[in-house]
Amino acid sequence: MRVGLFVTCLADLMRPSVAFAAVKLLEDAGCTVEVPAGQTCCGQPALNSGDSVDAREIAKKVIAAFEGFDAVVGPSGSCMGTLRQDYPAMFADDPAWRARAEDLSRRSHELLSFLVDVLKIDHVDAHYDGKVTYHDSCAGLREMGVRGQPRKLLASVKGLALIEMDGTEACCGFGGTFCVKYPEISTKMVDDKIAHIEASGAGTVAGGDLGCLLNIAGRIKRRGLSVRVIHTAELLAGMGAEPSIGEVGKA
Amino acid sequence: MQAPTTTFPQRVAVAILDKRLQAALDHASGGFVKKRAALVAAQPEFEALRERARCVKDHVLANLDGYLERYEEQVVRQGGQVHWASTAEEAREIILAICRDAKAKTITKGKSMVSEEIGINAALEAAGYEVIETDLGEYIIQLAKEPPSHIIVPAVHKTREQVGDLFDEHHRPLGYTRHLTEVSEMVNEARQVLRGHYFRADVGITGGNFLIAETGSSLIVTNEGNGDLTQTLARVHIVTSGIERVVPTLDDAVTFLRLLARSATGQETETYTTVSTGPRRADDLDGPQEYHVVLVDNGRSRMLGGPFREMLRCIRCGACLNHCPVYTSIGGHAYGWVYPGPMGSVLTPLINGIDKAYDLPNACTLNGRCQSVCPVKIPLPGLLRELRRQQFESGLTPLPIRWALRAWAALAQRAGLYHLAMRIGIPLLSRLGRRRGGLSWLPLATGWTDTRDLPAPQGQTFQQAWSARKGARP
Amino acid sequence: MRGGRERVLADIRQSLDRIGPSHEAIVPLPGAGPRPAFDGDVVERFVAKMLEKSATLVRIASFADVAAEVARFVASVNASQRLCVSRALAAIDWPVGFAVEYRAARRDDETSVTPCFAAVAESGGIVTLSGPATPSTLNFVPDNHIVVVQAAQVVRHFEDVWTQWRVSGRPMPRTVNIISGPSRTADIEMTIQLGAHGPRRLHILLVTP
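Protein chains in written order, with the working numbering: chain A, 1 to 251; chain B, 1 to 474; chain C, 1 to 209.
A few of these clues could be false.
Listed below are the simulated DSSO-like cross-link pairs for lysine-lysine, each with C-alpha atoms no more than 30 Å apart in a straight line [unchecked claim]:
| # | chain 1 | residue 1 | chain 2 | residue 2 |
| --- | --- | --- | --- | --- |
| 1 | A | 24 | A | 61 |
| 2 | A | 181 | B | 35 |
| 3 | A | 24 | B | 470 |
| 4 | A | 60 | B | 470 |
| 5 | B | 35 | C | 53 |
| 6 | A | 120 | A | 24 |
| 7 | A | 24 | A | 181 |
| 8 | B | 19 | B | 35 |
Covered stretches of chain A, going by a simulated chain B footprint (3 or more residues, C-beta under 8 Å) [stated by the list, open to error]:
| # | stretch |
| --- | --- |
| 9 | 90–98 |
| 10 | 107–121 |
| 11 | 152–163 |
| 12 | 169–180 |
| 13 | 232–246 |
Please keep in mind that the hints were generated in silico from the structure rather than gathered at the bench. Ideal Cβ positions, reconstructed from N, Cα and C, are used throughout, including at glycine.
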C-alpha cells in the first residue's frame, strides 16, 4: 500500500522522532511511505479561530499534495480529524473541491487506528520496561474512534505494564490556542490530568497527539515531577529509551 | 438577569482561586456524571432514545409555527390563555399586565430559566410585587442576591454555615429565631417559611420543560414539589416557556422524560412529573382560576433560520456543563448570565450579541464531550466554532491574534518558504532549550510559559532530516 | 396580544422559508419512541422501584384492610388522627377515632389518603388525575401522602398510562401527577434531604388479592 505520511506541524518542528516512528511502523507493516514536501499544516489553528478563508486555502494545498496515495496517515487524531471530518464541509459551495476533499477524507487515517483496523496489525516487536498509562486525546477519541487500538498495541510491548488512570477521557487543557488564551483554566486542567497520571502509579504517560503531550510534559517539567511523556508511536517503534518529551539529551 | 459589570477573564481569575467552589463543582457535577454513566450503561435503548429525541425535535422545529398554533388552540379549548412575546421586554410587559389585572401582591416562582432570561424578577420587584423563588437552591441565592453557579443545584457554592447565616438574617423577622447548623433543620425551616408564601401567593409562575400540542398542556419536573405548590395554590398560574419547547404528543414527552433526569442528575425520573392543562374546572376543589402561557421568542425564531437551529433542540438538562472541564473549573458565575457551560457559550452570544460575549465561544478546547452526552445530539463544538467564525468575520478577534493567524496561514500556504524559515528557526530554538530540555520563557507565548516549560524542539525539522535521509539512501 | 402573535409566527415562517402557514396539515413523524425492555412481573418491579426511591410500601389483601393499615402507619409516624381524603375513597370504613374529611388539602393537614389512576412499573411512579373526587393538593400539601394502589392498576410503560387515559374517554384533567417518591432536595451541600416542599413520606398500600 502506498501511504502518504501527514507529518503534522508539531512533529515536523518539535519532535521528528514521532514521524520517524510512524514511518517505521508503517514500513514494518509492509507499506511504502512517501512524505510530500508540499505539506505544512492541516489548517486547524485557522479553522478553530474562525478564519475559515485561510483554513480553506491551506486545505486546498493539503488536498493537492496528497492526491494519489492509497492512504494518508498521520500520528495525530486532531490533525487527521480535521482532514477527515472538517475538510469536506469547508467546500460546501464548491462541488469540484468538495469532491476532492471527500476523496481525501475517505483516505485519511490516524496512525494507530490505521495499523490495527486497516492493516490488521495486532502486535509490535518492541521492548519497554515500566508502567505506562494512556491519555485519550479528545479529537482522536471522539472524531476518529481511537480508543482500543493504541491499547491493543501497547499491550504487546514486552516488559510494558499498561495501567488505566481515572479520567483518561478528560481533556488535558491544550485545545490549540485555548492554552495560551485562557492559561489559568488550561493550567488547572493539565494539573488535574497530572494528578490522575500520578495516582495511577505509572512512570510514563503515552498518547497519540503531540499537542496534548507537549502541554502535559511542559507542566510536569515546570513542576519538577518525574513522569516520562512520550508519543505512543515512539514506544511502539522501539524508541522508548530515547529522551522523552522535555527530557534533556540529544535527539 | 442584568449583564455583568466584570469581564470573563476577571471572573475566571476569581473562580480559579476558589478551591471551595471547585470542590463543590467536582462533588456536584462529578456525582451527576457518575450516576448518569451508570444509568446509561444499564439502559440498552439509550442511544435509540437519543436518536428518536433528536428526530422529534428536528421535526417540531421544521413545523414550529403549525405546532405552536395547534398547542394554542388546545390551551384555549381548555380555558387557558396564550400570550406571544417577540422580545424579553414584551414578555415582561405581558406578565406585569397579568399580575396587575389579578391585583396581585405576592408571586411565587418555580424554576424557570427563561424567566431569568427575560429578567422578570427585577421587573416585578421594581413594580412593587413581592417575588419568592421556591426551589430551595434558587431561594437561597435569591436571599444572597447572587446568580446561580449551577443550573440544577444553583446554590452549590454555598456552605451550610453560609445558608444558616442567610436564614438567620431573613427568617428572624418571620419569627424563626433559632440559629441552625444541620442541613435537615435548614430544609425543614425553609419548608415552613415557603409554605407560608405558597398559601399567600396570588400568582404562581412556573417554567415549562415541555409544552404538549396534543392536549395544550405544560409539563414540569421537580424533585421538591415546589412547582406543584406554586401552580396549584395561587389564583393565577403563569407558565413561561421558550417557543421551542413544544412537542407533538404525550407519548413524545415520554421519550424526553426517559432522557431528561438521567442526563441531568443521574436519576431515572425526578420525583414529580406534572402535566397541567388549563385552569381549575368548574367542579374542581383546588387549582388556579386562571392559566396563562407566555410563549417567549427572544431570538429563537432567528436561530431557527440559520446555522444555529440545532441549538433549539436543547432541553436544558445540564449534561453538557456537568461534563465540561472548563465549566467544572470555573462554575456558573463566570459565564456572566443565565446559561452556563457549553449551552451558555452558544446561547448567550446568540441572544445578547456575539460582541457582548466574545470569550464564551473561545474559552473551549472543542474536546467534544458535551456533544457526546447531549441527549438531543446538539453539535455544540461545531456551533461554537461557527460563532468564532462570525466573530472573526465581524472583526471582533483581537488584532494580535489575527496577525499571528494570518502570518501562520501565509507561511503554511507557501511550503518552500515555510520549510526554509523552520530550517533556520527550529534549530535555534532547540539550541536555546538544549541545556534544560525546555524553554521557560518565550515572548508572545507567556500564556504558555508562565506556568509551563516549552519542551525544546529536537533539533532539525522532520522535513530537513527526511530529505537528508533520502539523499543518503542509495 | 395580537401583535406579538403575528410577529412571532411571521418570524418563524420567515426562518422556515414559508410565506404563510403551511397549507398541508403537518405530516406527523412516523414511528414511536423506544420503550425500555425488561422481564419479570410488573407488580414486583413497581414495588422494587418505589422502595428504591424511598417510598414505603405495604401489601394488603383487600380494601377492607386499608383502614387498619392507615391507622398503623399514622401511629408509627406519630401523626394526629386526622385525615384529608379523596372523595373517591368515601366507601372505605375509616378507623375508629379518626376525623376524616373529603376536601382539598389545608395548610395544617398532616396526612392525606388518595387512590391513583395507574401505577408504572418501568421506573416506578403512581399516576393521579385531578378532579372533584381527587383534588391534587392532597398529593402535595400534607406531610404524609398515603396512596391506595390496586395491583391491576400497574402498567408496564409510561405510554400505557396515556393509552389508558385515551380509552377511558375522560377529558384531560387540570393536572396529571406522576409521583415516584417523597419530596427531596440536595440543594444544600449536595446532602439529600427528604420532605423539601412536598410530602416527607409517600406510603403505598398495594392491594394484591
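These are the hints, each one checked on the structure:
no., hint, verdict
1, 24/A with 61/A, "holds (26 Å)"
2, 181/A with 35/B, "violated (33 Å)"
3, 24/A with 470/B, "holds (14 Å)"
4, 60/A with 470/B, "holds (26 Å)"
5, 35/B with 53/C, "holds (15 Å)"
6, 120/A with 24/A, "holds (16 Å)"
7, 24/A with 181/A, "violated (36 Å)"
8, 19/B with 35/B, "holds (24 Å)"
9, 90–98, "violated (count 0)"
10, 107–121, "violated (count 0)"
11, 152–163, "violated (count 0)"
12, 169–180, "holds (count 11)"
13, 232–246, "holds (count 3)"
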